[in-house]
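S.K.: Single-letter residue listing:
Number of protein chains: 2
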Amino acid sequence: MISVVILGAGNVATHFFKGFEKAKDISVIQWYNRSLAAIKPYANAVEITDDISALKAADVYILAVSDDVIAEVSHQIPFDDKLVVHTSGSVSVYDLDKKHKRGVLYPLQSLSKNSDVDFANVPICIETIDKKSYPVLKHLARSLGSPTKRINSDQRRVLHLAAVFVNNFTNQLYRIGHEITEHEGAEFDLLKPLILETAKKVQEMSPYKAQTGPAKRNDKKTIKKHLKLLENEQHKAIYKLLTESIIQTHGRKKL
Amino acid sequence: MISVVILGAGNVATHFFKGFEKAKDISVIQWYNRSLAAIKPYANAVEITDDISALKAADVYILAVSDDVIAEVSHQIPFDDKLVVHTSGSVSVYDLDKKHKRGVLYPLQSLSKNSDVDFANVPICIETIDKKSYPVLKHLARSLGSPTKRINSDQRRVLHLAAVFVNNFTNQLYRIGHEITEHEGAEFDLLKPLILETAKKVQEMSPYKAQTGPAKRNDKKTIKKHLKLLENEQHKAIYKLLTESIIQTHGRKKL
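Protein chains in written order, with my numbering: chain A, 2 to 256; chain B, 2 to 256.
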């Protein structure tokens with residue numbers, strides 16, 4: 002049995018709590034948040050507190066708090082030499098107070114607070130400084146049902162960066178698709194099957210192989226038509242830059 | 002029973018042929034391509050020809066040929082006043098020879114030649130010049146199992162443009178995610194569940210509501226870290242431009 006204290010009340014904290022509740026050999030013995038209101042709904046299921054000096058002794062402390070307060074909160078944990086991990090993609094493991102054994106449990110997924118999570122679709126990237134902490138964190142992640150991967154800090158940083166490209170930036174391209182269709186009275190809904198198919202395709206095939214379209218074909222006529230059609234200067238700049246990027250990736254050798 | 006002649010041998014021609022073969026009340030009576038080799042595998046199922054002057058009389062001629070030759074091939078069809086449609090997102094319906102009744106059947110999906118297509122996920126956008134042709138084309142599309150939508154030329158043009166954003170450009174963002182992870186020895190595979198989740202999210206929720214991440218939060222610290230991490234100047238420019246675009250979409254009012 003691994004005993005866990007969760008700190009924070011955001012999406013990751015909430016889904017980790019719910020996931021551990023279902024796991025057989027994990028016990029969440031306490032849930033801390035600086036404001037009790039957010040975790041009060043769980044008061045019947047777990048001891049809650051807003052007093053960090055009242056934290057109980059546990060095997061693992063999971064800091065699912067904002068990046069900015071990870072260092073400070075880890076410092077306030079009133080124990081030494083405990084295994085303390087954060088869940089951030091971009092904060093160094095060394096930002097955690099060095100009085101602890103330190104690690105990271107980084108769930109590589111977009112977790113919405115109000116929808117259920119299937120942890121089978123949430124790879125958890127694990128980083129530890131000492132070797133002995135690794136199997137403990139792997140056990141925690143596996144008990145949620147997540148696939149796990151041991152990574153180092155550099156790899157975590159680029160995964161977080163790549164996640165911005167494939168999630169936030171991709172979503173902004175959907176948003177632009179929404180803007181330009183609705184502007185003309187066409188339905189964004191018509192694009193939804195294509196959006197899903199594009200994401201499904203790269204589950205099996207590399208994005209390189211999956212590419213199609215006017216930029217890949219270097220179809221200057223269609224590219225010109227599209228640029229003429231775009232009224233928003235920023236959309237035009239995005240069209241140009243991503244077209245150039247595709248041409249560079251797939252470009253034929255220059256004559 | 003609607004009789005159809007298919008012209009061309011690409012992905013759209015092939016999937017339309019296979020789809021119509023399964024439909025009850027559609028009969029593909031002939032398949033034309035300028036080279037017989039590509040359609041020879043279907044010679045037992047349909048009459049094939051490479052001689053456009055030998056085309057049979059049919060209710061509908063579907064030109065699933067390259068954009069560049071639509072006008073010319075439509076001119077060569079040795080009949081007048083037949084219903085002739087092309088399948089392109091970006092070519093005007095008026096590019097078809099005016100001796101015909103003219104229309105468009107534009108499948109809004111990425112069709113790969115070697116994988117099966119479920120037409121339930123392929124919305125077909127229909128455009129006609131005369132009113133009487135519309136129900137015929139709708140019947141054709143429905144018999145494939147596709148959802149249909151009547152649109153005009155302007156709407157088709159922006160849908161094709163938006164498809165480039167949500168399909169080709171999105172796929173290029175996946176490609177960049179692939180490049181930057183593999184460069185650091187991290188696995189692109191770890192990003193695949195996130196890619197799928199991002200696409201699934203906007204099936205139910207607007208891309209505006211679905212947005213998360215450092216750009217939306219205007220988290221300058223993380224944005225700075227990311228820009229420092231990117232070595233490729235083009236990736237850096239894409240990061241900057243899409244971050245600006247998200248900030249503009251979600252920006253708080255200026256003080």
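Simulated from the structure, these hints should not be mistaken for lab results.
One thing to keep in mind: the hints can contain errors.
Same chains, same label: a pair holds when it works inside one copy or across any pair of copies.
Said to hold, decoys possible - Dumping the calculated DSS-like pairs for lysine-lysine here, alpha-carbon to alpha-carbon at most 30 Å: (1) Lys-57 / Lys-222; (2) Lys-23 / Lys-237; (3) Lys-114 / Lys-241; (4) Lys-221 / Lys-99; (5) Lys-100 / Lys-226; (6) Lys-217 / Lys-102; (7) Lys-57 / Lys-229; (8) Lys-23 / Lys-102; (9) Lys-25 / Lys-133; (10) Lys-99 / Lys-132.
S.K.: Look at each hint and say if it fits the structure.
M.R.: Hint by hint, here is what the structure shows:
For the homomeric pair Lys-57 and Lys-222, neither the shortest alpha-carbon distance inside one copy (68 Å) nor that between copies (33 Å) is at most 30 Å. For a Cα distance limit of 30 Å, the shortest separation of Lys-23 from Lys-237 qualifies neither inside one copy, at 49 Å, nor across copies, at 42 Å. Taking the closest pair of Cα atoms, Lys-114 and Lys-241 come within 30 Å of each other only across two copies (28 Å); inside a single copy the shortest separation is 36 Å, beyond that limit. Taking the shortest Cα distances, Lys-221 and Lys-99 sit within 30 Å of each other only across copies (26 Å), while inside one copy they are farther apart (57 Å).
In this assembly of identical chains, Lys-100 and Lys-226 lie within 30 Å of each other by CA distance solely across copies; the values are 26 Å between and 62 Å within a copy. Proximity of Lys-217 and Lys-102 under a CA criterion of 30 Å is satisfied in neither setting, with 49 Å inside one chain copy and 33 Å between copies. For a Cα distance limit of 30 Å, the shortest separation of Lys-57 from Lys-229 qualifies neither inside one copy, at 64 Å, nor across copies, at 40 Å. Taking identical chains as interchangeable, the C-alpha atoms of Lys-23 and Lys-102 lie at most 30 Å apart only when both belong to the same chain, with a minimum of 26 Å there against 64 Å between chains.
When the C-alpha separation of Lys-25 and Lys-133 is checked against a cutoff of 30 Å, the pair qualifies only within one copy, where the shortest distance is 22 Å, while the shortest distance between copies is 66 Å. When the C-alpha separation of Lys-99 and Lys-132 is checked against a cutoff of 30 Å, the pair qualifies only within one copy, where the shortest distance is 16 Å, while the shortest distance between copies is 76 Å.
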